[in-house]
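Got chain S sorted already, so can you dock chain V onto it with the hints?
2 protein chains.
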Amino acid sequence: MKISIVGAGSIGLLLGSFLAEAGIDVTFLVMRKEQASLIRKKGICRINADRTESVSTVHVTTDMKQLLKTDICIVAVKYTGVQRVLDQFKQAGVHTPILFIQNGIAHMDLVYTTDFPDIAFATVEHGALRIDDRTVSHNGIGRLTIAVGRGNAKHFELFSRAHSDAFPVHWHADAEHILMRKVFINCMINPLTAILKVKNGELITDPHCNKLFKALYVELADAFTGEQWLPSYENVADVCRNTARNQSSMLSDCLTGCPMEIETIVTAVIQKAETMDAELLLLSTLEAMLLAVDGKGGKL
Amino acid sequence: MKISIVGAGSIGLLLGSFLAEAGIDVTFLVMRKEQASLIRKKGICRINADRTESVSTVHVTTDMKQLLKTDICIVAVKYTGVQRVLDQFKQAGVHTPILFIQNGIAHMDLVYTTDFPDIAFATVEHGALRIDDRTVSHNGIGRLTIAVGRGNAKHFELFSRAHSDAFPVHWHADAEHILMRKVFINCMINPLTAILKVKNGELITDPHCNKLFKALYVELADAFTGEQWLPSYENVADVCRNTARNQSSMLSDCLTGCPMEIETIVTAVIQKAETMDAELLLLSTLEAMLLAVDGKGGKL
Chain S
1 MKISIVGAGS IGLLLGSFLA EAGIDVTFLV MRKEQASLIR KKGICRINAD RTESVSTVHV
61 TTDMKQLLKT DICIVAVKYT GVQRVLDQFK QAGVHTPILF IQNGIAHMDL VYTTDFPDIA
121 FATVEHGALR IDDRTVSHNG IGRLTIAVGR GNAKHFELFS RAHSDAFPVH WHADAEHILM
181 RKVFINCMIN PLTAILKVKN GELITDPHCN KLFKALYVEL ADAFTGEQWL PSYENVADVC
241 RNTARNQSSM LSDCLTGCPM EIETIVTAVI QKAETMDAEL LLLSTLEAML LAVDGKGGKL
Chain V
301 MKISIVGAGS IGLLLGSFLA EAGIDVTFLV MRKEQASLIR KKGICRINAD RTESVSTVHV
361 TTDMKQLLKT DICIVAVKYT GVQRVLDQFK QAGVHTPILF IQNGIAHMDL VYTTDFPDIA
421 FATVEHGALR IDDRTVSHNG IGRLTIAVGR GNAKHFELFS RAHSDAFPVH WHADAEHILM
481 RKVFINCMIN PLTAILKVKN GELITDPHCN KLFKALYVEL ADAFTGEQWL PSYENVADVC
541 RNTARNQSSM LSDCLTGCPM EIETIVTAVI QKAETMDAEL LLLSTLEAML LAVDGKGGKL
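As they're listed, the protein sequences go chains S and V.
Counting in my numbering, the first sequence runs from 1 upward without gaps.
Counting in my numbering, the second sequence runs from 301 upward without gaps.
For reference, chain S alone in the conformation it holds in the complex (with noise of 0.2 Å):
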């Protein structure tokens, strides 16, 4: 079997480590010719926990048609990349089977829209890190959850080859729990995280963090009460627990100067709400000055 990765980056390398080792032949699609010519001359490489590096030889071409020879394709680049890969695909006849792992939510009207016959969704669990072009190092294991949004589920079946203890692949009957519920985590922490530049730990340790970070609970769970994805206040502080010393990612970016992923994560979820009839007066507020301080660094 044949898999093709659109997008090399921490997520994109990840997988495609795992799935080099279950033995499984991967190509990668990349945009950048040296990119391209580093990961063909010195294979991909993943930082274990124990810091032992494993290196895995992958295809990789610039070249969109080569995934007409895939059995399957994965779209790992970020929200904003989507529209783009759609239309590439349109344009050069693929018509695999496509897996899509992005954050957030706004992927996922604009995927169904489309025609492609066999949709599935993942999120993402692990902690990971891109290093290079070549390498990422794997922070923290955590699930590959995936669920298959229409068309033949057998088409996805072989990720469950490459299940793992340090790559476990769950499955899920609706992709729009596992998405909601990831998204609606990332709203918990993300936003308040980056505005406060505190690490995840300190929503549950700080008094006045927590106190932000509960009534943001209390804003959401009421607007999406009764959904069957909708985590408790423990489930979502057990994350902040289990990753206390990390900066989310929201945070990352903002020190760094890099564009929050505020479209996919916050906006898309005050839009859901919208249609529910719900106003997130608090998620509306983080929205407004993430907006304001995106791509700032920090800096006056």
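Careful: at least some of the hints might be erroneous.
Below 25 Å or equal to it, Euclidean Cα-Cα: the simulated DSS-like pairs (lysine-lysine) are [unchecked claim]:
1. K369(V) / K296(S)
2. K197(S) / K599(V)
3. K299(S) / K511(V)
4. K599(V) / K299(S)
5. K341(V) / K199(S)
6. K596(V) / K299(S)
7. K511(V) / K296(S)
8. K197(S) / K499(V)
9. K365(V) / K499(V)
10. K369(V) / K211(S)
11. K369(V) / K454(V)
12. K365(V) / K341(V)
13. K197(S) / K596(V)
14. K299(S) / K499(V)
15. K599(V) / K214(S)
16. K199(S) / K599(V)
17. K211(S) / K599(V)
18. K497(V) / K599(V)
19. K214(S) / K596(V)
20. K299(S) / K497(V)
21. K299(S) / K514(V)
22. K197(S) / K69(S)
Simulated from the structure, these hints should not be mistaken for lab results.
Positioned in the frame of chain S, the structure of chain V alone reads:
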């Protein structure tokens, strides 16, 4: 006439400098002996807009009893120091007229519970930056506005002697009016600039900052609708425009890790609104955020 000034911070030094230049006999009461001996030896220094230095000779003491010999006293310590000064006045038997110059409104109730017969309050709109123990930089000309709270207004008239183009002295009939107007503007500018790490002008020019700034105005103006002292949106926006390149005091404190004046500027206004049955949700969110970052200097 003899005036004593308790506290030789930026505002104390600025006022002392202009009063001494007007021929008034000025005595500073300070806590640290090093500051006392430095001021005694070298006088106090004001750096003017044209970079010239104005040095004045003043008296200085660390002994509260010396204030018994002065005709009027200015309390120019931060709000958090007012209670201590009042206790010391009582112990030393000081009962001169007192002018209070603090940010916010929290000191007003505190002062009215005492039995000092002659009390006045002032707001300062000058830009003043403390350079060292004896030097203040006069960064912007504003007004000293004085309102007598109770007692005999005649006692305070000597301040008019210091009136000049560089140091305009104005009078107002209502102390609460001038303090509330000032604290309203502080509430509009300080918390947002500190949380978003922006200069005053960006509250108007950056569309995302301005959205929050306008929402805050609507919330505050709604709570205090009908009050004589309520500034218009354009009044507040003009303050931001006129001080566009300045860092607000809260932003400066936030960046350096100094305690911000949250209680007297923000909490006091929230409590004032509560007495009028108005809930300030956005300002309360900002208060919680300020408390969460207070004293950290933006460090993780």
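Now the hints, each set against the structure:
Only pairs whose Cα atoms come within 25 Å are accepted, and K369(V) paired with K296(S) is rejected, the gap being roughly 55 Å. Restraint check: the Cα-Cα separation between K197(S) and K599(V) comes to about 7 Å, which is no more than 25 Å; the hinted pair holds. With a C-alpha separation of about 20 Å, the suggested pair K299(S) and K511(V) falls inside the 25 Å cut-off, and the hint holds. Of the pairs offered as hints, the one joining K599(V) and K299(S) holds, with about 14 Å between alpha carbons and a cut-off of 25 Å not exceeded.
For the hint pairing K341(V) with K199(S), the CA-to-CA distance comes to about 49 Å; that exceeds 25 Å, so the pair is violated. In summary, the hint linking K596(V) to K299(S) is supported, as the alpha carbons are separated by about 17 Å, within the 25 Å threshold. This hinted pair checks out: K511(V) and K296(S) have alpha carbons roughly 18 Å apart, not beyond 25 Å. In summary, the hint linking K197(S) to K499(V) is supported, as the alpha carbons are separated by about 19 Å, within the 25 Å threshold.
For the hint pairing K365(V) with K499(V), the CA-to-CA distance comes to about 43 Å; that exceeds 25 Å, so the pair is violated. In summary, the hint linking K369(V) to K211(S) is not supported, as the alpha carbons are separated by about 50 Å, beyond the 25 Å threshold. At roughly 19 Å between alpha-carbon atoms, K369(V) and K454(V) fall within 25 Å of each other, so this suggested pair holds. With a CA separation close to 21 Å, the supplied pair K365(V) and K341(V) stays within the 25 Å bound.
Annotation: proposed proximity of K197(S) to K596(V) holds, straight-line Cα distance about 10 Å (limit 25 Å). Taken as a hint, the K299(S) and K499(V) pair is honoured in the structure, with Cα atoms around 11 Å apart against an allowance of 25 Å. At most 25 Å may separate the alpha-carbon atoms for a hinted pair to count; K599(V) and K214(S) meet this at roughly 23 Å. Restraint check: the Cα-Cα separation between K199(S) and K599(V) comes to about 11 Å, which is no more than 25 Å; the hinted pair holds.
Taking the CA atoms of K211(S) and K599(V), the gap is near 20 Å; set against the 25 Å cutoff, the hint holds. Restraint check for K497(V) and K599(V): satisfied, since their Cα atoms lie roughly 13 Å apart, inside the 25 Å limit. Distance check on the hinted pair: K214(S) and K596(V) sit about 22 Å apart at the alpha-carbon level, within 25 Å; holds. At most 25 Å may separate the alpha-carbon atoms for a hinted pair to count; K299(S) and K497(V) meet this at roughly 7 Å.
Restraint check for K299(S) and K514(V): satisfied, since their Cα atoms lie roughly 23 Å apart, inside the 25 Å limit. Proximity of K197(S) to K69(S) is assessed by CA-CA distance (about 46 Å); at most 25 Å being required, the pair is judged violated.
Hints 1, 5, 9, 10 and 22 from the list above are not met by this structure, while the remaining hints are.
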